[in-house]
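If you want the building blocks of each chain, they are given just below.
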Amino acid sequence: MASRPTGSMTKTVEERDHVVIRFAGDSGDGMQLTGDRFTNATAILGNDLATLPDFPAEIRAPAGTVHGVSAFQIQFADTDVTTPGDHADVLVAMNPAALRADLDKVARGGTIIINEDSFTQRNLEKAGYASDPTTDGTLDGYQIYPVPMTSITVRAVESLGVGKKEAERSKNMFALGLVSWMYGRPVDVTLRWLEKKFGGKPEIYEANVASFNAGYNFGETTELFAHQIHVAAAPAAEGTYRNVAGSQALAWGLIAASVRSGVPLFYASYPITPASDLLHELSKHKNFGVVTIQAEDEIAAANMSLGAAFTGHLGVTGTSGPGIDLKAETIGLAVITELPMILVDVMRAGPSTGMPTKNEQGDLLAAMFGRHGESPIPIVAPSSPADCFSVAMEAAGVAIRYRTPVILLSDSFLQNSSEPWLLPDVDALPTIDPMFAKANGSDFLPYARDERLARPWAIPGTPGLEHRIGGLEREDRTGDISYEADNHERMTHIRREKVEGIAADIPPLEVDDPTGDAELLVLGWGSTAGTIRAAVQRVRGSGDRVATAHLRWLNPLPTNTGEIVTKYRQVLIPELNSGQLTMLVRARFLADAKTFSKVQGLPIWADELEDAIVRMLHG
Amino acid sequence: MAEENGDVSGVATLTKKDFTSDQEPRWCPGCGDYAILAAVQGFMPELGIEPHNTVFISGIGCSGRFTYYMDTYGFHGIHGRAPAIATGVATANPDLHVWVVTGDGDALSIGGNHLIHALRRNVNIKILMFNNQIYGLTKGQYSPTSEEGKVTKSTPFGSVDHPFNPVALALGAEATFVARTVDNDRKHLTDVLRQAAEHPGSAFVEIYQNCNVFNDGAFDLIRDKQQGLHNQIRLVDGEPIVFDEGTRCVRVGENGRLEIAAVAESDPSSIVTHDIHGRPSLAFALAHLSHGPTEPTCIGVFHEEDRSTYGEAVRSQLDRAVERLGPGDLKTLLHGGDTWTVG
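Protein chains in written order, with my numbering: chain A, 1 to 619; chain B, 1 to 343.
Chain A on its own, in the form it takes in the complex (with noise of 0.2 Å):
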């Protein structure tokens, strides 16, 4: 059902190889919605992308405030995109507190598309603008396109007996038809969206489609944009794509994991930012047998998801920011009792309420170390946001196999962003075997182990293998509370050599050398791939080696992660944190690896990165 690319019928037509767009505007003006409709038509086309959503915290800030600008970056090329962009080439600015906030992220030379309507005294007041920036130089060296859009949309939809305030409302929908003219983008896909979205509401519907049309048919016919640009599709492997945010990846990964297990997903969570997207998605497909609870606080979501797990379900929960202290006294309780259980943590800036809608690395060792005692736990990292379907997978089958709380690090920009993802075979998913106990006579030993050092599972309802566990110190074997000294010894060490041990079960770390005699490697982890990616192309296309390797399960680490680290000259870690992974491979390896670390609660931008290592290899 790929759609084709609208050509002008008056206009020339240019040829540019990738596009960055900043949408931004008010919280109330409906920014998200317009970059996920052009991301949409965008991907329909074949065009490779990757998205940036930018919000503030607040629902909705004072209107016309800085503080309320709420923005959406994409970044379309007609070949492999790993980041959405440094700076845009394009703003669309709704009113003067966007323009004010996002100019410094526009590049130099680059077009501002402006509300002119919304840039009164007024509102140029709100922003902090003492005089008008479109007038008084502040945009020199930029291309300015002043379109009244609030007014045109007002008149396109004035015979259709809306409200003043809903057509209004519509504006962010000429916008989209604008910039859906400029880059060519299908308009069927649209309007098929309206129709799905306010399809019960005809005023609405209506008024919404005028606006997109008063938008497209504006850039078509004036005479302000001189000429369309078309970015052509991006060479793709055969297949079905869709686009995907991650928090939809991760839902149905989960998901997918508790089909190819048989084993049903049970889901506790708390409200909390950015984490409760996860519990939205997955409350929509109870069809799945998905059981979703929206507990009393995180530690009850905590405890309902273990309770879950001992009865035989994967136990999830899910959260961000402070509710992984909350959670980590349960999580030292799972590791115990080692049952299986996911611990999603969607990391935002910190600490404390810290910055909840923007992004960080900043939980890496609270996963690894945040619980007393020695309690050590299977850490894995998406590196995209489709790479989140497979993760989860990956987690649930650890958990199952090794019977062990697995914490998955996600992030607010992979929850977010969304980029296309070329569909899996379903029947071609990995299976996993939950090998639920069942009684054989002799005398049940709930702390027994397998080859992989996991206990058996054996749920209640079962006959013959009736038990007791908790957070008592267990007796090797017989799961009988136990304070021996020696024993405690050795269920400290088998509960550390039973996670280390499920490096076995991972892939090597895999180097990307292309010349073999790299001097300098770039290890990340987590959502910094793209950027790092990136980063590497270029300081490549420049004649540097440099290798880049990136890291998947944190712990335990892929067995040849020590002969890789200290086998370069150099190695750089890019980290949204102050070097946390950074630590864990110095501790660990004795390897000489630097950090650059970026706690801006934005992505690191492409450019910075390739200064870095440009720096770091030529000084």
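Any given hint might turn out to be false.
[To be verified] With a cut-off of at most 30 Å between alpha-carbon atoms, the simulated BS3-like pairs for lysine-lysine come out as follows:
| id | chain 1 | residue 1 | chain 2 | residue 2 |
| --- | --- | --- | --- | --- |
| 1 | A | K438 | B | K16 |
| 2 | A | K594 | A | K567 |
| 3 | A | K438 | B | K17 |
| 4 | B | K331 | A | K286 |
| 5 | B | K225 | B | K187 |
| 6 | B | K187 | A | K284 |
| 7 | B | K225 | A | K196 |
No lab work stands behind these hints, which were simulated from the structure alone.
Given chain A, put chain B in place with the hints provided.
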């Protein structure tokens, strides 16, 4: 083990032994917990529920050890969280018989939030709260049910905290079964626990339990045979509330308030007839007849009502989702929405 794999024919012949694990109880000699354990192990066979379909879940405190002594499935959790773990168990498998054993500190202090939410959801769990009005495992600090002025290690000048009224708290949390009983009255204890077991939904049972080491005699007025005769107000559904060998009663006083009075001085029509299925306001008023076991106090079932259990509601929602959307299909899920094909 109670029986061989898959053999349920032994149900009728279950005995106390089938519910008794091989672990030796390790409470202080003379602790009220022994009597409760014996009562529970003794009456479980009467319920006709097999040990493998029974789960005991406990928190931290002296009561927490209870789980280890029952030869059923058991989960000794962390402090205060037993109702949350039990919610996971009872929701994941609504066919199990799930019991929570907790104490006044575990249930009402660190775990207060989970207790009230389990009760309002009407999760099908039976909560036995051993109230000894003290922290025993940590060797004698005051608890959220200790009386004001209580002198303990952590309150050498007396506690200034006002205590909870556990029965009133449970009623306030919309519990569908609320009762109180006493550790040393085997018959009353067993009778209340049996009713709790038969109640579909959350049952909250406060058990006055003597801690003979750190708070000995706290409930003497109620527990002691002689004193109890005068101070236990035994609630029986459908019967007038009369106690103290028939000499005193609970009657409706001024402005609808309940009060204790001599039967001889009371108009028979003013004596309250107990009604466990009525509005919880009667139960609430009865809960407030005394504030703690230092005056005549009600024991028995205060309130019971029918409400669908959480596990059933969740299960029926899953069933309805399948009816509405069809059984979950991965391919349909992944391919839903806008897709495009290359090649």
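Comparing the hints with the structure gives:
Annotation: proposed proximity of K438(A) to K16(B) holds, straight-line Cα distance about 25 Å (limit 30 Å). Between K594(A) and K567(A) the alpha-carbon distance is near 15 Å, which keeps this suggested pair within the 30 Å criterion. A hinted pair counts as satisfied when its Cα atoms are at most 30 Å apart, and K438(A) with K17(B) qualifies at roughly 23 Å. With a C-alpha separation of about 16 Å, the suggested pairing of K331(B) with K286(A) holds against the 30 Å cut-off.
A threshold of 30 Å between alpha carbons decides the hint, and for K225(B) with K187(B) the separation of about 13 Å falls inside it, so the pair holds. For the proposed pair K187(B) and K284(A), the alpha carbon gap of about 49 Å is over 30 Å, so the pair is violated. Between K225(B) and K196(A), the direct Cα distance comes to roughly 73 Å. Violation of the 30 Å bound is thereby established for this hinted pair.
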